[in-house]
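Taken in sequence, the protein lines are chains A and B.
Quick note on the numbering used here: the first sequence kicks off at 1 and runs consecutively.
Quick note on the numbering used here: the second sequence kicks off at 215 and runs consecutively.
Among the hints, erroneous ones may be present.
[Said to hold, decoys possible] Quick list of in silico lysine-lysine cross-link-like pairs, BS3-like style, CA-CA up to 27 Å:
1) Lys153/A to Lys375/B
2) Lys329/B to Lys127/A
3) Lys329/B to Lys147/A
4) Lys153/A to Lys329/B
[Unchecked claim] Rough simulated footprint, nothing fancy, chain A against chain B, three-plus residues with beta-carbon under 8 Å:
5) 249-258
6) 327-340
7) 348-359
8) 376-383
Hints in this document: simulated from the structure, not taken from any laboratory.
As the structure is a prediction and not an experimental result, all values here were calculated from the model.
Virtual Cβ for every residue (Gly too), placed ideally from N, Cα, C.
One letter stands for each residue in the lines below.
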Amino acid sequence: MPDRIDALTSASTDLARPESLWALFVAFTLLAMQGFGGVIAIAQRELCERRRWLSPQDFVELLSGAQVLPGPNVCNLSLMIGDRFFGWRGALVALAGMIAAPMTLMLAMAWLLGEASNVSHVQGVIKGVLGGIAAVAAGQIVGTVLKLAAPIKDHVLGWPLCVALATLAFAMTTWLQWPLIYVLLGLGSLTCMGTYLLLRQRARAEGEVGGAAS
Amino acid sequence: MTPLMWSPDVWWSLFCHFLAMSLMAIGGAITLVPDLHRRLVVDNHFLSDLDFTSSIALAQAAPGPNLLFVALIGWYSGGLGGSIASMLGIIIPSTTLALTVSRWVSARRSWLSVKAFQAGMVPVTLGLLLATGAHLAPPLHDQPRALLLSVIVVLIVWLTKTPLIWLVVAGGVLGGVGLV
């Protein structure tokens, strides 16, 4: 299992970090303004691959935390990432970056659309553009899931079981239409419990071998 | 809608509604939509049914977090002040809680239970994210070409490093000229 403590102090890894609060704000503004139909896909691309502030594994783990907590996932994610680098000021700056520019743009759009609402031709074109963007957004999310699934091959539960569990979570929400909270509490507590037992077993085995654990 | 309408009583009411609902939004603000509709459209008549639905559609397509549909609902209910009041209401409680909890967790990062939670939730998180993608995907029988576009985008995002914004532009153009 990869050592989480090393990844955090970031001295021993090849991860980078934002130089200043301003850099953090700019990064989150840029990724928010590129996130059409949801920000998760672009956040993974920008933060893990382009800027290398987080490893894909960090990203999924933070996202898991953000998902369980109430509140919009992306906002929780921004808070946690900002907090990790600059404490509470970083958290607020990242959240502000995520919200300020897109909110301004969207209110301006709402206002203009209100003014243009009696031109039906324009409305048809806008509808088409929105439809095309929505189709791309759906594809982006699924593509990001496939990318984020890569670290699963080192998972304690083993990758076949992980794929089965992910499929189950998908089926519960999509076909059975269970409320999200049941999936998180029901399936989530089972997988956490199983992982806990396996990790404990492994820790004991390592202890018996000679206490050389990190 | 006049952007600068002055209606502090509506703003206060919006702020309180969103404040009350913030901590119920497990899995994102979008899960609040049915309850919000009941409170703001049916009970209070702050905005019309059409404005409510188009707030959600516009926020899905526009850049930024989907949470911004809250700002639009506030806008249609009470102008600029309404949108700021609504956003503050939805953000303050969940933000405070998220920051407190995530700090508590990272201070106990070496605990076995914390490690088990972080690793154990990974498959569930991936499954739920996949479900979000499927939910947004265009239906096969109505829009087969749009669905084909989604599938192509899946492959491009997964296998290449093409900047995502190009894909969005391509989707917008194809949709605008009526090809998907």
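Numbered hints the structure breaks, given as an ascending list: Checked against the structure, the hints that fail are numbers 2, 5, while the rest are satisfied.
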